[in-house]
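Enquirer: In order, the protein sequences belong to chains G and E.
Under this note's numbering, the first residue of the first sequence is numbered 2, with each subsequent residue one higher.
Under this note's numbering, the first residue of the second sequence is numbered 2, with each subsequent residue one higher.
Check before you lean on any hint, since a few could be wrong.
When chains are identical, the list treats them as one kind, so a pair holds in a single copy or across two.
Calculated pairs, EDC-like style, for lysine to aspartate or glutamate (alpha carbon to alpha carbon, straight line, at most 20 Å) [unchecked claim]: (1) K105 <-> E66; (2) K105 <-> D150; (3) K105 <-> E37; (4) K105 <-> E124; (5) K105 <-> E68; (6) K105 <-> D62; (7) K105 <-> D58; (8) K105 <-> D25; (9) K105 <-> D141; (10) K105 <-> E87; (11) K105 <-> D90; (12) K105 <-> E88; (13) K105 <-> D84; (14) K105 <-> D125.
Please keep in mind that the hints were generated in silico from the structure rather than gathered at the bench.
Computed from a prediction, not measured in an experiment: that's the story for all the values here.
2 protein chains.
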Amino acid sequence: MSDTRPPLANIITLGARNVPALRDFYRRIGWPLIFESGDFAAFELRGIVLALFPVADLAADGRTEAEPSRHPGIRSTIGVILDSREEVDRLTRLWRASGGRVTKEPVDAEYFEGCSSYVADPEDNFWEFSWNSGTNSVIDAARRAAGLDR
Amino acid sequence: MSDTRPPLANIITLGARNVPALRDFYRRIGWPLIFESGDFAAFELRGIVLALFPVADLAADGRTEAEPSRHPGIRSTIGVILDSREEVDRLTRLWRASGGRVTKEPVDAEYFEGCSSYVADPEDNFWEFSWNSGTNSVIDAARRAAGLDR
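Here chain G stands alone, though its shape is the one from the complex (with noise of 0.2 Å):
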């Protein structure tokens, strides 16, 4: 019998050009780093853990190429939820303080009641960050998939 219920699912790595630098922005960010060896770090967040690599060696151990060239378009977002409109504002100001870029300033939100904001990191990886005013399937699946709530 297989196990059904859905699977561990939440080690996100990054590929990086520069590993040392994109750790050193995800430091100043304030975040955990947890693990550390020759050119691999992990930070441990909630829900995830967030890994960098060299995208070449992520690559060859995925027996694939790397992606050909650079692109600052957007393809895929680690979405953030925080706890008050106060607190987005303050992680785009500090995340714009430590060397990222921000897309899109805390704004209300389209697709929700609340605000959020969409950032990139220096190797254009993207995520966006949202207080909800209320709640919904989707914030109640993520508060339950970090094990919260229960």
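Following the hints, put chain E in place on chain G, whose structure we already have.
Expert: Coordinates of chain E only, in the frame set by chain G:
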């Protein structure tokens, strides 16, 4: 005073060319679809919520550009921690049978004790499936981040 705990950062949104097709792919994998509205779909795993949203809409919401071109190369992975070598084999086989691509068949892992495979969904979003024979700092952190083992 701002909250110094790391934030809840676990909604992974993939910008999709074809949300219904990608949604159907992940349903074939057997992952639970917990919310759907228009061209947005969300699956609840352990650790993360996996959301699918049209990449053009994601770019518009983030006040940025979508990736200018498609490229099958790897840039990041979502790491899945499974309970046995057999489960890595099973999920890798299911992935291929469901229309996904396998770039690395399950083999002994290079960076930890255990085995792993690498796969990509029909829109070239990469996942790593792994089983660890023991444990390590990253696995421990991933379990803590998902609210397990406490």
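Enquirer: Hint by hint, say whether it matches the structure.
Expert: Status of the hints after comparison with the structure:
no.	hint	verdict
1	K105 <-> E66	between (31 Å within a copy, 12 Å between copies)
2	K105 <-> D150	neither (30 Å within a copy, 37 Å between copies)
3	K105 <-> E37	neither (32 Å within a copy, 25 Å between copies)
4	K105 <-> E124	within (17 Å within a copy, 26 Å between copies)
5	K105 <-> E68	between (26 Å within a copy, 17 Å between copies)
6	K105 <-> D62	between (35 Å within a copy, 8 Å between copies)
7	K105 <-> D58	between (32 Å within a copy, 14 Å between copies)
8	K105 <-> D25	neither (23 Å within a copy, 31 Å between copies)
9	K105 <-> D141	neither (25 Å within a copy, 35 Å between copies)
10	K105 <-> E87	within (16 Å within a copy, 44 Å between copies)
11	K105 <-> D90	within (11 Å within a copy, 42 Å between copies)
12	K105 <-> E88	within (15 Å within a copy, 41 Å between copies)
13	K105 <-> D84	within (19 Å within a copy, 40 Å between copies)
14	K105 <-> D125	within (14 Å within a copy, 26 Å between copies)
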